[in-house]
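Spelled out, the chains give:
There are 2 protein chains.
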Amino acid sequence: MTDAPSLRGPVLVVGAGLLGTSVALACRKAGLEVLLTDTSTEHLRTASGLGAGRAYDGQPVQLVVVAVPPDHLGTLIAEQLRAMDAVVTDVGSIKSQPLAEVLATAPADVRRYVGSHPMAGSERSGPLAASATLFEGRPWAIAVHEQADADAVGLVRELVEACGGVPLELTPEEHDQAVARTSHLPHLMASIVAERLVHAPDGHLALSGQGVRDVTRIAAGDPRLWQQIIAANSSAVLALLDEVEARVGAFRDAIASGERSALGALLAEGVTGTRAIPGKHGGPPRPMSSVFVAVPDHPGELARLFADAGEIGVNIEDIRIDHDPGRPVGLVELVVSVARAEHLADALAERKWDIHR
Amino acid sequence: MTDAPSLRGPVLVVGAGLLGTSVALACRKAGLEVLLTDTSTEHLRTASGLGAGRAYDGQPVQLVVVAVPPDHLGTLIAEQLRAMDAVVTDVGSIKSQPLAEVLATAPADVRRYVGSHPMAGSERSGPLAASATLFEGRPWAIAVHEQADADAVGLVRELVEACGGVPLELTPEEHDQAVARTSHLPHLMASIVAERLVHAPDGHLALSGQGVRDVTRIAAGDPRLWQQIIAANSSAVLALLDEVEARVGAFRDAIASGERSALGALLAEGVTGTRAIPGKHGGPPRPMSSVFVAVPDHPGELARLFADAGEIGVNIEDIRIDHDPGRPVGLVELVVSVARAEHLADALAERKWDIHR
Chain A
1 MTDAPSLRGP
11 VLVVGAGLLG
21 TSVALACRKA
31 GLEVLLTDTS
41 TEHLRTASGL
51 GAGRAYDGQP
61 VQLVVVAVPP
71 DHLGTLIAEQ
81 LRAMDAVVTD
91 VGSIKSQPLA
101 EVLATAPADV
111 RRYVGSHPMA
121 GSERSGPLAA
131 SATLFEGRPW
141 AIAVHEQADA
151 DAVGLVRELV
161 EACGGVPLEL
171 TPEEHDQAVA
181 RTSHLPHLMA
191 SIVAERLVHA
201 PDGHLALSGQ
211 GVRDVTRIAA
221 GDPRLWQQII
231 AANSSAVLAL
241 LDEVEARVGA
251 FRDAIASGER
261 SALGALLAEG
271 VTGTRAIPGK
281 HGGPPRPMSS
291 VFVAVPDHPG
301 ELARLFADAG
311 EIGVNIEDIR
321 IDHDPGRPVG
331 LVELVVSVAR
341 AEHLADALAE
351 RKWDIHR
Chain B
1 MTDAPSLRGP
11 VLVVGAGLLG
21 TSVALACRKA
31 GLEVLLTDTS
41 TEHLRTASGL
51 GAGRAYDGQP
61 VQLVVVAVPP
71 DHLGTLIAEQ
81 LRAMDAVVTD
91 VGSIKSQPLA
101 EVLATAPADV
111 RRYVGSHPMA
121 GSERSGPLAA
131 SATLFEGRPW
141 AIAVHEQADA
151 DAVGLVRELV
161 EACGGVPLEL
171 TPEEHDQAVA
181 RTSHLPHLMA
191 SIVAERLVHA
201 PDGHLALSGQ
211 GVRDVTRIAA
221 GDPRLWQQII
231 AANSSAVLAL
241 LDEVEARVGA
251 FRDAIASGER
261 SALGALLAEG
271 VTGTRAIPGK
281 HGGPPRPMSS
291 VFVAVPDHPG
301 ELARLFADAG
311 EIGVNIEDIR
321 IDHDPGRPVG
331 LVELVVSVAR
341 AEHLADALAE
351 RKWDIHR
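In order, the protein sequences belong to chains A and B.
One point on numbering: in the numbering used here, the residue at position 339 of the first sequence is 339, and numbering is uninterrupted.
One point on numbering: in the numbering used here, the residue at position 13 of the second sequence is 13, and numbering is uninterrupted.
Rather than coming from a laboratory, the hints here were simulated on the basis of the structure.
Watch out, some of these pointers could steer you wrong.
Treat identical chains as interchangeable: a pair holds within one or across any two.
Unchecked claim - With a Cα cut of at most 20 Å, we get these calculated SDA-like pairs of lysine to any residue:
1. K352 to A162
2. K352 to G51
3. K29 to S48
4. K352 to A307
5. K352 to S257
6. K352 to A303
7. K29 to I355
8. K29 to V295
9. K352 to L128
10. K29 to A294
11. K29 to L238
12. K352 to L50
13. K29 to A349
14. K352 to G9
Since the structure is predicted, the reported quantities are computational estimates derived from the model, not experimental observations.
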């Protein structure tokens, strides 16, 4: 068995947008030499100015990271494979399509290509949004295909670890199925709910609560990017849409027939689904409880609340602020472990906070 | 024109759960005498012990508030109308069905019935979860039907204002249409996305991000309550489900045909929908921007962040904490107005916070 190769650099990053520049910054932070290229001189200059690396001028590199939108991904990966004797990876949202393009246009070199996908920061864009710590603690999928060279896989794994990510190996097909379910379908469903609000009769949307805000939040993502992502994962997404159509039909039949237990059973399956999502830091979902505090909308009030919570010593796992029309009072929801909720509520109430138990 | 009646009390609250006890507490806080009744002696004793009022023993009252789950709402409203010469309201999630039951069983008294619905606190339950300030600044719909007596409407409006709510008058049909769109459809869609996670292959859900958590959050609500709500609003919900089915079909056709511009147009309509939701405090949506800060998961770190933000003087409109598997670092998203985001980011960076721009 050969020793796994060590990631020594140089690393060439193709595409100095948000992800490319962040990978570059993370690699620089890890002590690696980084070269950059981008069709936009401005992006290149900005990324370089941020300390992400210097402009590529033809030297040999150990690893190439292709960080461009889905439409050009396969083409650029194949170009790099033909031009360099280096391992090539990418950071795109979908993995089967670029692999298929490589198999079609650079089959002799496909063993040096191991695609990957960091689950980080997709709503923002451009090099100025980049950060060396963007990937810290985040899952980063490595798409291991049948012809992938083991050393190439190892090198990409080292890249992920150098950037602080959590490597998760799966096949390109598994990856695309997974993100269809955890990212692409939710995006489409959020978009459908949001579109129904566009022509709501006057005054109806005044009855909006936190629920519809949560459901539709991700629907605000850039359509030009999302149409590329979804188009590149069309078969996995279409399969899920078929399942959704069936599910909508099941709800419709249960509601129309007045079959209450059938409706309740469908809803209960949704509850089960919410419990399947991994908890914070990737552990199993832990039982949480919420403490609701009404906080006047003055600067400093939130700080005071968190200072008190800090002194009380209960760790806050999640926070939500509810939007209240008409009055400048916000309902802050502090999500804490079930075991600590009562203590937090009591202790905050003692400090004169307005607790909604 | 007669003078509008003045809300003087006594107020009888039927049902000492979360909403009923909260209405009772708010009325007590407003200086009104409150009587309570509930089929559960324990709920009654608890609510009374919290200072929500005393047990009803037959005295005349000015206003009755029926606060029971949808299935018994119409029956109990009609009972109260027949038993009392008082204005009767309720706080249920749907308004047409109880009105229809009253028209069928107590038609002579329907002018004294004006249903209402406070948009507050539906995920928690029981008198211990109640609060006198639950309704502060929240929309509270008043369902004005054709036969409603103007003085009765005025009295319910005063109840809403006494409880700190923001009264919104609309017809029962308009109300049910509105909540079908802003609450019931989103609930069903969240449930459908969540149910698709139940049988995900091993390891796939490790690729979950904040998006799927946001979309599915409300799907965790109690199925026994939600089946009542949805069943009681079936025609409005069914109409929207038909529209959703058509929309799913449109997405499916655009994706299957590879028609990129059609897919992009559908997604863009969803973006428009997200901008239709009212902003904080009921105003028009204001352009917001997010500042992302990586915060180590130690007690006190969040407090320190908010103390700094408070000193910097930028008002935080919303907060989200992203969940990061594997590493104890949380990405905190501070939502602030577009005009202040750059300043907040710069100032926090100066204080050594790890900003992901």
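Hints, one by one, checked against the model:
1. Proximity of K352 to A162 under the C-alpha cut-off of 20 Å is found in neither arrangement, the shortest distances being 47 Å within a copy and 22 Å between copies.
2. In this homomeric assembly, K352 and G51 come within 20 Å of each other (Cα to Cα) only across copies, at 18 Å, whereas the closest approach inside a single copy is 48 Å.
3. When the C-alpha separation of K29 and S48 is checked against a cutoff of 20 Å, the pair qualifies only within one copy, where the shortest distance is 14 Å, while the shortest distance between copies is 62 Å.
4. With identical chains, the CA atoms of K352 and A307 are at most 20 Å apart both within one copy (14 Å) and between copies (19 Å).
5. Taking the closest pair of Cα atoms, K352 and S257 never come within 20 Å of each other, the shortest separation being 50 Å inside a single copy and 60 Å across copies.
6. Proximity of K352 and A303 under a CA criterion of 20 Å is satisfied in both settings, with 15 Å inside one chain copy and 18 Å between copies.
7. Taking CA atoms no more than 20 Å apart as the test, K29 paired with I355 passes between copies only; the shortest distance there is 15 Å, against 44 Å inside one copy.
8. Taking the shortest Cα distances, K29 and V295 sit within 20 Å of each other only across copies (18 Å), while inside one copy they are farther apart (40 Å).
9. Proximity of K352 to L128 under the C-alpha cut-off of 20 Å is restricted to the inter-copy arrangement: shortest distance 18 Å between copies versus 43 Å within a copy.
10. For a Cα distance limit of 20 Å, the shortest separation of K29 from A294 across copies, 16 Å, qualifies, whereas the shortest one inside one copy, 42 Å, does not.
11. Taking CA atoms no more than 20 Å apart as the test, K29 paired with L238 passes in neither setting, with 41 Å inside one copy and 55 Å between copies.
12. For a Cα distance limit of 20 Å, the shortest separation of K352 from L50 across copies, 17 Å, qualifies, whereas the shortest one inside one copy, 47 Å, does not.
13. For a Cα distance limit of 20 Å, the shortest separation of K29 from A349 across copies, 18 Å, qualifies, whereas the shortest one inside one copy, 45 Å, does not.
14. In the homo-oligomer, the alpha carbons of K352 and G9 never lie at most 20 Å apart, since the shortest distance is 57 Å inside one protomer and 29 Å across protomers.
The structure does not agree with the numbered hints 1, 5, 11 and 14 stated previously, though it agrees with the rest.
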